[in-house]
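> Given next are the chains, with one letter for each unit.
Protein chains: 4
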Amino acid sequence: MSESVSESVERTWKDECGVVGVWNNEHASRLSYLSLYAIQHRGQESAGIVTVDASGEHRVQKGLGLVQEVFDDVSLDRLAGRAAIGHVRYSTTGVNQMANAQPMQANLFNGPVAVAHNGNIVNANEIKKRLKEDGAIFHATSDTEVILHLVARHHSSNLVECLQAGLEELDGAYSLTVLSHQSLIAARDPYGFRPLVLGTLKNGDGEKSWIVASETCAFDLIGAQFVREIEPGEIWWVDASGEHSIKMKKKRERASCIFEHVYFARPDSIVFGQSVYGVRKEAGRRLAEQDEKEGFLKDVDLVIPVPDSGVPSALGYSVQSGKPFELGIIRNHYIGRTFIQPHQAIRDFGVKIKLNPQTSVLSGKRVVVIDDSLVRGTTSKKILQLVRAAGAKEVHLRIAAPPTIGPCYYGVDTPEKSQLIASSQSVESIAKFVGADSLRYLDLAGLKEAVQGQNGGYCAACFDGKYPTDLFGLDRNPKGHLRGIDA
Amino acid sequence: MSESVSESVERTWKDECGVVGVWNNEHASRLSYLSLYAIQHRGQESAGIVTVDASGEHRVQKGLGLVQEVFDDVSLDRLAGRAAIGHVRYSTTGVNQMANAQPMQANLFNGPVAVAHNGNIVNANEIKKRLKEDGAIFHATSDTEVILHLVARHHSSNLVECLQAGLEELDGAYSLTVLSHQSLIAARDPYGFRPLVLGTLKNGDGEKSWIVASETCAFDLIGAQFVREIEPGEIWWVDASGEHSIKMKKKRERASCIFEHVYFARPDSIVFGQSVYGVRKEAGRRLAEQDEKEGFLKDVDLVIPVPDSGVPSALGYSVQSGKPFELGIIRNHYIGRTFIQPHQAIRDFGVKIKLNPQTSVLSGKRVVVIDDSLVRGTTSKKILQLVRAAGAKEVHLRIAAPPTIGPCYYGVDTPEKSQLIASSQSVESIAKFVGADSLRYLDLAGLKEAVQGQNGGYCAACFDGKYPTDLFGLDRNPKGHLRGIDA
Amino acid sequence: MSESVSESVERTWKDECGVVGVWNNEHASRLSYLSLYAIQHRGQESAGIVTVDASGEHRVQKGLGLVQEVFDDVSLDRLAGRAAIGHVRYSTTGVNQMANAQPMQANLFNGPVAVAHNGNIVNANEIKKRLKEDGAIFHATSDTEVILHLVARHHSSNLVECLQAGLEELDGAYSLTVLSHQSLIAARDPYGFRPLVLGTLKNGDGEKSWIVASETCAFDLIGAQFVREIEPGEIWWVDASGEHSIKMKKKRERASCIFEHVYFARPDSIVFGQSVYGVRKEAGRRLAEQDEKEGFLKDVDLVIPVPDSGVPSALGYSVQSGKPFELGIIRNHYIGRTFIQPHQAIRDFGVKIKLNPQTSVLSGKRVVVIDDSLVRGTTSKKILQLVRAAGAKEVHLRIAAPPTIGPCYYGVDTPEKSQLIASSQSVESIAKFVGADSLRYLDLAGLKEAVQGQNGGYCAACFDGKYPTDLFGLDRNPKGHLRGIDA
Amino acid sequence: MSESVSESVERTWKDECGVVGVWNNEHASRLSYLSLYAIQHRGQESAGIVTVDASGEHRVQKGLGLVQEVFDDVSLDRLAGRAAIGHVRYSTTGVNQMANAQPMQANLFNGPVAVAHNGNIVNANEIKKRLKEDGAIFHATSDTEVILHLVARHHSSNLVECLQAGLEELDGAYSLTVLSHQSLIAARDPYGFRPLVLGTLKNGDGEKSWIVASETCAFDLIGAQFVREIEPGEIWWVDASGEHSIKMKKKRERASCIFEHVYFARPDSIVFGQSVYGVRKEAGRRLAEQDEKEGFLKDVDLVIPVPDSGVPSALGYSVQSGKPFELGIIRNHYIGRTFIQPHQAIRDFGVKIKLNPQTSVLSGKRVVVIDDSLVRGTTSKKILQLVRAAGAKEVHLRIAAPPTIGPCYYGVDTPEKSQLIASSQSVESIAKFVGADSLRYLDLAGLKEAVQGQNGGYCAACFDGKYPTDLFGLDRNPKGHLRGIDA
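Protein chains in written order, with the working numbering: chain A, 1 to 487; chain B, 1 to 487; chain C, 1 to 487; chain D, 1 to 487.
Keep in mind the hints are simulated off the structure, nothing from the lab.
Ideal Cβ placement from N, Cα and C applies to all residues, glycine included.
Everything hinted at is true.
What follows is a set of in silico ranges between Cβ atoms, one per label pair, in the way DEER data are often shown:
1. S245(A) x D72(D): 47 to 53 Å
2. G63(B) x E133(C): 30 to 36 Å
3. K251(B) x E133(C): 31 to 37 Å
Derived lysine-lysine pairs resembling DSSO-like cross-links, with alpha carbons at most 27 Å apart:
4. K208(A) x K382(B)
5. K323(C) x K381(C)
6. K382(D) x K202(C)
7. K298(A) x K323(B)
8. K247(B) x K466(B)
9. K202(D) x K382(C)
10. K132(C) x K129(B)
11. K393(D) x K293(D)
Modelling step: build the complete structure from the supplied sequences, incorporating the hints.
In structure tokens form, the structure reads like this:
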């Protein structure tokens, strides 16, 4: 289920970005705004839109905050033009955030180019070092600037050729939208790590508008039709002469991020060809199957989700197990970023700002609590305490994914390995830490089956440690996360 | 389920207010802030807190907007003192809003007094007229000022005596918290229209703090213990000598607002002695029973709620009917008040800002859609269109309450009678208007049973037109709503 | 010279308020805005406008801050109507400021009434006490509310009669504008302490609009014609039948505030019948005459003002003495309220935020520094240090007014008596304290002559201690200032 | 005299920038803030500060607005470090302003470098074109980025060498401050177009801090000592080993901007070795000499300045002519950027928002009005109308500079040539246009003498059309102004 504003504050596993693109629509900036709004869950710290106006100039609006904080009617009107790209970002904290806000925009010898990027380039530091020795200037610390430099260094009047040449040098994850004064380009790395989808919309003139977005929920919101995925390794573009597509020379086995299904993507999106809601429900159903095999279910009274992200899996668990599904924990949706956190002194009273377990539902019951994943364990611990304090007799935690044991190097901001509780502790000891009477995870085979047999097509490195690329020393970075790295 | 910020914009039936009070706690302003935050759904247009500082002076912070917009760390620190009352309000629009913001505060001959009020006084205009002729000044249009004037006109050094004398003159709905330099008072009209509950909290010194609030969810959030309802007709107070209680002379048959259970209150609150979640689930169960009797259920594939308020009833319906519960409509929780609404031109594309029906769930299915109530019918119409566009083969609407036929005069901002679709149209014609293959309401008997046999104890005037008080001509007001009325 | 935003922060002697009124103009709110803007120097902490709209209802906008911070295009449009009053205020600090913001507005038995008040009622506490015992409610601590209550208690359908009856009970200073749904009223206490002037403007329909304001500079800004003073003890009003005037029964000898000429009023205003610029220049000329008589002038090189308020007097001194006038101190006009004050550590470097003495002008010179008044002496001390540090060989301070020895009880926020350096120290010791080689004040006779022989017509209590009214114990208030007093 | 916030809105001749630098002071960010504040008149649209923190990283805060709007206590604290540079800017309007905000910051192969630039590079477009063909990326349209690229392309580990090599390629105006992790650099083009001065301050540890700024008034404000100008063609720097200086190979005849003395610089600054106040006063004196020779003075009653910028010249005119100086026009210093401009309907009443001529001073008089310069003539026209409406019998305009006939290409934002009224019209016809009974300018010889015989040392191209550099086609740009140019 989609995430509210506030939850992001506590989440330890954050997607870095979402991207969109619009071509041939007089409302390009407003459609970008709405599309970014639909994928707000992919990045809540900054947002930006770049358009190309009638004179071929870029217009830019970027800022820190939610989509609705960065743009207003005035700025959307100012973003004139029939083509646009947009970006939402979970940015680095503190110092110099604005320099890294996207889309990143530049004037090259062949005109203005803007890029919006979701993902992480694993060999970015190597390339940066080389470019700097060759006189390149970097204003920001993000990988996106590397892409712009590689494009600028290839001498062709054909932007797509320059872009392809640049992308062939990269390794890692990138789902891009690119805007020049003549075209909208969408490109995806050969692994297909991050999602990127193509859609169309009939514009006001009865002509076809093209829409690109990270997730299909953006199409739903603006009433666009989903056409297909941008393929791994594909460079697709549309210009005055119509749409075109080429494939990159570099070929790789598909390795789409399984965690998009587990947690990131909105439940109402179709990601990598499948309904996220459906996958999560199936994962919950398989969790119940596992419990059935273990003979666990006979002594359970009810199933409750950790709202909102655990809801589909809990429904699946309920259907398979026949145990009643209840909203045992009510979530407060009003929390915004200006909420004044209570002092420790007040916190000690037992404040429940976000989640309120219902005594009337839980009292005296043997409860199965379903969550989508378990990263550090600290949040689960708090939740189980609340559930028990509301009178639950037994509290059993079920996770609709395998234990997370490794950090991500492909565009997800994960805690360092040492903070992934499952990387160093047994299931029993985790159960003890979080205060569960029992704890069980969905096994990786079950999760892969829930995503319907595309076993070879997914990267599950966070669950099995098998990274599809060379890591270029990133795994020796003690911090274990990739944001803000610069040589 | 609790309401998000944005939904209030469209809702046509709004509770006017929520109140809180805190006594004997060094964090009085912050506990008030958190408590108001928990009852934010009762009023999102203005918020205020008044404290009494060490020198016996009132400190006041009021403003337009959500609780988290009105207060910040600086203002909460400035609101020094160990006692406080607070208020959230659905205020009148446009002109002079701030003058009506609460708590209302005044300096009387016996010191400073502040009042926070939830409800509506039906004989306020009569009393105002009399007081003005006697030289009284009214700065605002709200009923609350009438209460202050009545207190001021009774010559006793005992504030509770003055208050009681004043309240005996009133007819209508009031749940009050009152703060002087010496006491915190809570009072409720003899009908008990609006909720008001009492709780305690151990403060930092190990002593007992007292908390008063409109709903128990405020206690849950701050970790307070629910003690009991303030009784209809009770004046309760706490001062340096401890807690006290008296009963007003005026006696009335209890007439608590049944709509609190149907829609207003948070599902995790205990209201009028019962779990709101439980009542709603039971209402849904009874809806399914009705359908069973009609032989309707055999041709249904699944049950979906209108999120979030229809969820508990849909769960109850699912349990009783055995039909699977699905989140067929996903709700976007990010929408805030700064969201830029799309132009009509874009809207025509079929924009779905708030609710996104899932084709993967609904396609080809015969669907029962459950909502808590149906007022004008326009929102239901849009939702059913979306559900049908997502591929549902049949769409049946079930309402977990009776048809709403009359406006409320007891503190709820309702549309005028002519806009209540059920006041003039048959169920069949409403079904046609909203585009439902069938429409059925829970009957009033069923709803009253869902609130467990307190039949005599509820006001259901909006469903049956039986108003427990004289209306003093208010029913002849063509606008049919009560806000901002002044002779 | 008019004061910039920032100077008010340091000023120790502040006028409490300025008032305006507009009648019969479709741009009433905008003319009020511009008029308040012209008298911004009279109050920079809050501002407000009340209009009467076409339906006879008041519309109100009040807020903390400068005129341009409180109003915007939206609020000025919302303030519909052809009649308005407005107010700027130097408000109390800290607690509950908004409750005292003006105009104060109320609904009386004979309709809505709003009042804007400049001045201070010396017997307000006595009257308040009596009214409270009679059941009156006070929401604020200001005197203005007393006026509203007195009006409300007089039973006549004629608002002017009620107002006159109320005003006859008051003692002290008041220049009022009052707005009902039928008339605009201007009234001034029998002493004529504070200024109040009447003007006209041709409106868009070719008819006459009426304007009332504290100072004529408001007329200049909006292009209105100055007609005359509202007389001491006069109640003037305009309604559908034209303009009217009556005199109060209470008669007093005129006692207009001489400090308006010395410091408060804008130099381009005509106050109490005379040009403020002219009076100040004449005061400076007389200062030079005094110095001539003392044989002081022969050893002086140049005359410099403390900018901006000392400029006219320095020009007068220069003309009389024949000594060159130079802008020896340059003032920084950019300072606004959001300026971050430097830390003490930086301050120690010798920071000169506001005033920069010019070494190229002052170096090696014997300098006469002219200021309008000297209250605590601390600001003068800093300025003289700067002048000396810029190389001045001798620094002589001349004050274009007598020593200030007493606080004001008639609407000026003065420091308590003990902080008025001249109340306890000799001129020699003050000269030593401020670091002047010599110090001389204009004597009271000279100042009175500068205001052209209206000797009997001025209150100079701050210079001579002769208070024209009974003080009702206010002089026993240890704080010596009047803001926020409440029994 | 320094300019207030609002006047800039109307001014047609704007300096593009001001720069500062601080080295070896624990309060580096706050000293930069105060220094920028002192030179706020040089740019009011954006402001920025970059510091180097203890770890050698840049910290950046930039924003649109005044210095006091861009920074607050939090941001100044965040700007940790003992070295800083800062910038204020009159930026381009509308599109993409933030990308051009300065200081501009980049990561080069030899570390982070930030640049703040005042001036305009006349061959920037030629260099940009070449760099782009070589693969360089430009994010902004400003010349400053060219400088960064030239530095990046020179392969030396010595930043000063790289900078010198880059600067030798430039033609035009630049006064720079540059900050790396190891040094603070100040550089000035060989013509010395724009000012740049060096100062010192004893820091808290008793050691010497270095300060660089556009004008000496920045030193005055923070209590720093003026040491000397940075020489034309000089590159000065300070690092751990102390201060250093080299001269560029390119030699040019000095051509400092004479308009800094006429209008731009603050009167309390020492610019190009002379007091600005002194130069302006002398210019006024020479204007009076001219009038004496013409026998004009006998029929004049008084001299008034257009405030504030005409004040020094009017004082000089008064001294020479013996005619009395009066503040005949009072200026309103409160106007800020949020002021709501009156509608045309109100404007027609004769609104005088900013300048209020005093009838009491002007009525019946023959008046000489002194202004610093005359560009389009439209502002002068309005002012003379006001003066005449206030009763002046004759109004004679005197300009303390020659007629402005050519646009500036060296860092001043001027109107295009066709809008410079003196470029196409005779003095008589200008006099008629502005409504003066007579008009006279100071001749160029007189102005050059006022700046004390450095005739060869000044650029007066705006007065005589003699541009010291090749213009690289800029004079063929139809718009006649240089902002935002990009190939």
